[in-house]
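Work out the full structure, taking the sequences as your base and the hints as a guide.
4 protein chains.
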Amino acid sequence: MPVSIKLKDNRYGKSRVRLVKVERGSAGNDLKDLSVDIQLSGDFEASYTAGDNRLVIPTDTMKNTVYALARQAPLLEIEEFGLRLADHFLKRHAHVARARISISENLWKRIEHDGRQHAYSFQLSGPERRTASIDRDRKSISIAAGIADLVVLKTKNSAFEGFLRDEYTTLKETNDRLFGTAVTAEWSYNKTSLKFGDLWESIRDTMLETFANHDSRGVQHTLSAMGEFVLKRFDAVREIHLSMPNRHCLLVDLSPFHLDNPNEVFVPTDEPHGLIEATLTRSGS
Amino acid sequence: MPVSIKLKDNRYGKSRVRLVKVERGSAGNDLKDLSVDIQLSGDFEASYTAGDNRLVIPTDTMKNTVYALARQAPLLEIEEFGLRLADHFLKRHAHVARARISISENLWKRIEHDGRQHAYSFQLSGPERRTASIDRDRKSISIAAGIADLVVLKTKNSAFEGFLRDEYTTLKETNDRLFGTAVTAEWSYNKTSLKFGDLWESIRDTMLETFANHDSRGVQHTLSAMGEFVLKRFDAVREIHLSMPNRHCLLVDLSPFHLDNPNEVFVPTDEPHGLIEATLTRSGS
Amino acid sequence: MPVSIKLKDNRYGKSRVRLVKVERGSAGNDLKDLSVDIQLSGDFEASYTAGDNRLVIPTDTMKNTVYALARQAPLLEIEEFGLRLADHFLKRHAHVARARISISENLWKRIEHDGRQHAYSFQLSGPERRTASIDRDRKSISIAAGIADLVVLKTKNSAFEGFLRDEYTTLKETNDRLFGTAVTAEWSYNKTSLKFGDLWESIRDTMLETFANHDSRGVQHTLSAMGEFVLKRFDAVREIHLSMPNRHCLLVDLSPFHLDNPNEVFVPTDEPHGLIEATLTRSGS
Amino acid sequence: MPVSIKLKDNRYGKSRVRLVKVERGSAGNDLKDLSVDIQLSGDFEASYTAGDNRLVIPTDTMKNTVYALARQAPLLEIEEFGLRLADHFLKRHAHVARARISISENLWKRIEHDGRQHAYSFQLSGPERRTASIDRDRKSISIAAGIADLVVLKTKNSAFEGFLRDEYTTLKETNDRLFGTAVTAEWSYNKTSLKFGDLWESIRDTMLETFANHDSRGVQHTLSAMGEFVLKRFDAVREIHLSMPNRHCLLVDLSPFHLDNPNEVFVPTDEPHGLIEATLTRSGS
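Residue numbers (our numbering), protein chains in the order written: chain E, 1 to 285; chain B, 1 to 285; chain W, 1 to 285; chain Z, 1 to 285.
For the record, the hints were derived by calculation from the structure and aren't laboratory data.
Incorrect hints may have been included.
Identical chains blur together in the list; that is why a pair holds if it fits in one copy or across any two.
[As the list claims (entries may be wrong)] Cut-off 25 angstroms, straight-line C-alpha distance, at most; resulting in silico cross-link-like pairs (DMTMM-like, lysine to aspartate or glutamate):
1. K109 <-> D205
2. K21 <-> E161
3. K21 <-> D215
4. K139 <-> D37
5. K21 <-> E271
6. K21 <-> D260
This is the structure:
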């Protein structure tokens, strides 16, 4: 590569390494269903500039590593499996400077029948997925947990009024609209050893509860409340990022058919959609 | 159109008419979230052969009709809303010979907190959707209900042995494999007035229970058992069609890493996939 | 299975068997990129009713068969590869009554540079795919070819006027609208030995040309013209089915901003969409 | 919001504002088909913390603005339309600190027949899309152009050898493999007034040519060459980021069927996939 051009940054890895692990116990089987993404940075420049692969860990090897490590010990929580994977690459290969592991978990629940949960038969639960991101270099380690596609909708206590109007504004003010969204949230922890599973459940519940009960003056308002409650209740959470599309439900104009529409009949739309994002953190940080 | 070419059959309509209806009661709100497809057949040939639109009901009008009818009465169950829509087109327009209405319902559940269900806040439940198809002409009416994308997996009591081997067979026999599938089922009713909601719940439970408990010798075997139990338990069901992809979970070969794999670590794959389909009916029919 | 319940029909097979074949010649390489679906019917009832797999050809074997047959001879056109696959299953296994093979081909073109086509580097061409369906039993054979997702749009010579109006009609008549659609067509041939590749290209061109030049009074009108021209020009085509969604482009009302909109600014929408379908055939048939 | 918690950052806007514009000329019509995303930052904190919407520009207004601005002047290139949109929000509203506009353009080509291009009928061209991102605040402006989903594959001159091996490596070295990828690239310009359309075409051609001709020792190697050539040839390009998944084509083992496979028959797979990313820049920067 000539003097005037340089590689500014680079990373590479394997994406969508899918893994199902069955852990078989006397009280029934446990089922884990993960998709793992691995990205490494480090001394890989020669592979870009000169096609010199001597330090390249093949992405196929990364895939194999996921399966081998999955076999060697219980998976535990996805934050813990991600930590093990990140540790492996940094410890095993001195030229790896940084490892980022992202895991998305499909959630299965046991099939219920006659009030009992089946021991080995499962049903996929919801579009929602549990996520974790581990970012580790030689000095520091960052653990984030999250949720994706938690689709919620409330039919009451949602308003959008008093907004700015300019020459392109046609939207009517409303103190009673539908508010539907697909919450994606990611929060970072300030410790590396925590009860990740219990925390995730509790944080999810807090977000659901806040969404349900909040007297919403807008998506921004509710998003902020959701983040605030999580930070208030969970000391282990350092910071939280929320991203909430506004999946608009448009009131249908039924007047051409001589019908009123007292907030009853709506067209849900996927596009265009509002998109509201914010990060909340603790003041000291 | 010249003598030698003719229009053999035709139909047209509107697809993906999305409708959210909120029914507001004192005990809380109900939320219905549907996607409606309408297809009409009848005396529409001139629109094809001569561009003569005089008998064409615009698909935009079909869309409007969905919203107007949704406002004029409670939606009730999707089978009932589909019947109302089909009836409307046949009664209103003498040249419509046949109306087919397909409805897919997204399922929402109330957000739970502290053991109570919220009165007006909901969460989307599962990838699974409830479906209904109404096919009505001047003489007869057919009502089918169904389920789509009911994703299930069992980690025990699933075998696949004793199959035919030819020169292209490499698959090993197994008496213990994972069995994952996304059930799509549609069943027709022999009556037009039924408790469609209760029936749907019970039929869904029957299919889940059968899948969970069946000692499976193959996808065909379990599919057939699921259909059989539905027909046995529910007199109102005339016939049932099931379609079950085999979402293979392949056992990972860990021997290169000097590890065994006692049915623990799998790669789930989306493609290729087996696809098993059958229709079960009553012998008299 | 008890006397009162019977298996009405059944079929099974492997879907989405993906195959890339490189045929290496002195003038450059050829690249074929297919997705194959196989469905067999026959004497498979015992696998459903009794879990008896003795006559079951595993879907894994079907997958292997695709790759083995791909190696044993040139693929040729997808209609021909489909025929070979169908023949194989019927000839090899006396209990197979019927084989249906569907193939979807991704279309690649050579990368062009300085007016020359590269010998071994390719670019995926279009969302459109070429398709073929072979349906073969012990007595007859049906060969159909097709196209999927041929996305076209015309900005002139498209009207929709003179349609029926009822109490739910709000659509305005227009003699100048955008007409966008994604053509899916499938036509059956009356011979089993044809120049399938040349025919496919010519039929595709005929449909494009007709769409482009037709003075459209509606989707039905243009769909019918497209089918008619194909039947007129190609004696080998027995029948053609076309399915054309109306991907509406809605004229934006700019009057709130004191702007006119002389058919210039549109919102394209995916849902809801009109869906127009018809089959055209020869009168004698 | 209590003292201990603060809003760290926030932004909001409208996504997937779809716009089709027809520009009608004597020589034929031009068709533009865009999807626009708008994100604003600025003095919006009160809407989050207090539900005070007085400074909130509704996302519905942003959508209207896209359509109104599209009508008021020719769209020109997407970089220019993006600049107009960003300028509008900053000039019109003093409390907007930063506007980010992302535009994705579907590419249509005229339908060709008898060697001539049709004046008003179009066909969607390729999965590839042209993209632009404008990021503008009160002090600076950044313009990036790009390409998404440019799917390419080469059947020769691609190797992957001499890589690192550890205890989890099973991959075989190869000096002849298929190399398929879907290029996503984004490059920033060092000027705000350029012939954006011509540049985009030339940069795309350079990437295609480099991919086609490069003697590849790995995805990293070719990615780097593609970026390097763009920077060498185009002074206006300040920096380029490339992201290239490795869409593996796995050689099928046909030995169980007593067949060889001299790099002919492959299974293309979507998951897992390698993912290689890098940014190249000029040394002075």
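Hints versus structure:
1. K109 <-> D205: Answer is both: 17 angstroms inside a copy and 15 angstroms across each meet the 25 angstroms cutoff.
2. K21 <-> E161: This pair counts as between: shortest inter-copy Cα distance 23 angstroms, intra-copy 50 angstroms.
3. K21 <-> D215: For K21 and D215, the Cα distance is within 25 angstroms only across copies (21 angstroms; inside one copy 42 angstroms).
4. K139 <-> D37: within (22 angstroms within a copy, 37 angstroms between copies)
5. K21 <-> E271: Between copies only: 18 angstroms across, 37 angstroms inside.
6. K21 <-> D260: between (54 angstroms within a copy, 14 angstroms between copies)
In this structure, every one of the numbered hints holds.
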